[in-house]
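**Q** For reference, the chains in residue letters:
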Amino acid sequence: MLLVSILLLPLATGLVCLLVRSRPTLERLSLLAFAAGALLAGRLGARVIAAESVSALGGFLYADALSALVVGLTALVALVSGIYSVGYLRRDAGAGRITATQLHRYYALTPLFVFAMLLVTLANNLGVMWVAIEGTTLASVLLISFYNEKTSLEAAWKYIIIGSVGISLALFGTILTYYAALDVPGAKSESGLNWSQLVGLARQFNPHAMRLAFIMALLGYGTKAGLAPMHTWKPDAYAEAPVPAAAILAAGVLNCALYGIIRFYVLAEKCLGDHFAGNLLLGFGLASMLVATPFILVQRNYRRLLAYSSIEHAGIMATALGFGGRLGLLGAMLHMLFHAVTKPLLFFCAGNVQQHFGTPYLWKIRGAIRTMPLTSVFLLMATLAVTAVPPFSIFQSEFTVLSAGFASNHDWLAGLFVVCVVTIFAGFLHHMVQMNLGVPREETPRAVVCPWKHGAIALVAGIVVVLGVWLPSPLFQLVQRTTQIIGGAP
Amino acid sequence: MNLPDFQLASHLIVLLATLMLVVQLLMVTQRMLITNIRLFAVQSLFLSGIAAAVAFFHHAPHVYFMAALTLAGKVVVLPWFLKRLVRKIGIEQEMHPWINPPTAMLLCGGFTLLGYLVARPFADTGNLGSNTFGVAIALVLMGFFLMINRRRAITQVLALLCAENGLFLAAISLTTYGMPLVVELGVFFDLFIAMMVLGILVYRIRATFASIDVDRLNQLKG
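Listed in order, the protein sequences are those of chains A and B.
Using our numbering, read the first sequence as starting at 1 and increasing by one per residue.
Using our numbering, read the second sequence as starting at 1001 and increasing by one per residue.
Treat the hints as calculated values from the structure; they're not laboratory data.
These numbers come from a predicted model, not from an experiment.
Hints should not be assumed to be uniformly reliable.
To be verified - Examples of chain A residues lying across from chain B (beta carbon under 8 Å, computed): (1) Gly-127; (2) Leu-142; (3) Lys-150; (4) Thr-151; (5) Ile-162; (6) Ser-168; (7) Tyr-178; (8) Leu-380; (9) Leu-429; (10) Val-465.
Said to hold, decoys possible - A few chain B positions that, by computed beta-carbon distances, are all more than 12 Å from chain A: (11) His-1011; (12) Leu-1012; (13) Ile-1034; (14) Thr-1035; (15) Phe-1056; (16) Leu-1071; (17) Arg-1084; (18) Arg-1087; (19) Pro-1121; (20) Phe-1189; (21) Met-1196; (22) Arg-1216; (23) Asn-1218.
Unchecked claim - In silico lysine-lysine, BS3-like type, Cα no more than 30 Å apart, as pairs: (24) B:Lys-1221 / A:Lys-150; (25) A:Lys-150 / A:Lys-364; (26) A:Lys-150 / B:Lys-1088; (27) A:Lys-364 / B:Lys-1221; (28) B:Lys-1083 / A:Lys-150.
Cβ atoms here follow ideal geometry from the backbone N, Cα and C, with glycine treated the same way.
Just need the whole structure built from these sequences, with the hints factored in.
**A** Put into structure tokens, the structure is as follows:
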């Protein structure tokens, strides 16, 4: 029942919002739905810690600790983005940048988008998971082309074409997995793609087909996660989408895509047992970090800067999975958690800056702290948090990943990891300091405090600070449980 | 099932798969947009025929369902939708590929060889239609090639659909019965939503840029 209601809630909200026209009703509906969704996700977490797994509708829906973690993060990101979007869209509408129709479209599409993401994590069948991941693409395309400008149409076109090619490779991978499992005795063809059945039989899969299947799935879902060299849609999409939607893309869809990769990773590792899947992930992960580094250093547009940061963090998670071992998996899951919590803060602050100064270019903005002190302080804090400066939690996860690198005798690669992280830290901080501190170029009016936007920022900032010093034990239990699922309880 | 039946079915499926490949090659060389859409419909018709043959000889009712869905969706509705879109935005009929047709044909021959090479370890599991896996891979590769080779937004959509046809053929040839029904339905549903979304985008690109050359989409860099 719980699983069904988690899914039905955003779906029903989206469908109702299609019919509703009045702005206050739309705002209330979406806030209510996302708040209830977050509560339900919390209950799912508790349920999964108590029992190993939950399933519903005759095994069609299935949730273990890994699903529960991603569901929780998705629900949280949806909620804070929902709060932020109220203030953000009111301002856009007030400035005449968007029409009532566009506003309506945003509120109808976002819950459907969230529904697709939740279906990714709760579907037992790998085929249905594929359908849901493609669904996230389709629900978000019209959010990326939201402003109807030339650049946003270009970004949306790139996103759907690259995304569709990628996702068709993932479908190929899914078909091959089905084939690999077909001749295993005890496999039933009707439930042949159900994760709960596949994971028990993985050792007997046809290894040749499974190897090819993992490559295809990694290329496909890696495109959605934005791993290099399939990352090219990401800077455009993140920079052109309205800020709250971009935050959901960066902190929600990224996790869903990685979730898909992890499911296939578990099957491949069990079937092949030679760390083939891990080595591939390591390659793509480090390549993403290496690609992101120079683009962050020379970046002129802070919205694109955030996108490259997201490519870097996707790379870090893939690298962590690639290092493997208990430490590597723990690092990957912790990083997924901390990154998803920190990223929205950065996006929301950047959104405030963009709405106030009306430009996404770094060089046009100086001394933001004089005109918008509150946002600017949070932005600097978010910068430090996302580049892994010690009191903040991302430092812990990156340090765990690094230890995993040395523990698995990848000394050189671990060194490369450090070089990338440090260079990105320097580049990021340089850009942000120039933008926030110093003397303003011209007289810009002081920004007014918007309760919705700053409320969302304060909420996320509170969580980031708390997670920096204290990881609640149920949450840590959940993360540990996910590493057991990925590592395969022996 | 007795033996002659099986051989007949096997020949029929190979014949239809080969025809799919031939139609794909025609699409690579054909310059007119409307003809391309018609060729896609013909290719989908052959795919639907393969599904129906598999369903008949295996007595698998849910594959019939898939054959019917392909027939209704990819042979009738999607081509109709695309043609309507082409008429509505009144675009130029002739397409300008990057690579000239003879070279493209040679490349496609290469893709077919590559498809058979990749498919070799999977070949002939004794299942009906398993020897068409090479064709399926070739179709997917040619779909991707078409996507790069054409400049118009709408032909990229068409190329994506061709690659999708290849994937459906792969699902049939590898797993005998195709994928579980719920997955097939989901994939089809996604395909239709994707077409609607792409239609909206093509329309807006046309309205904003007064062209659907994807070359014009070149502002975002770095």
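**Q** Under the constraints set out in the numbered hints, which ones does this structure not fulfil?
**A** 5, 8, 9, 10, 19, 20, 21, 22, 23
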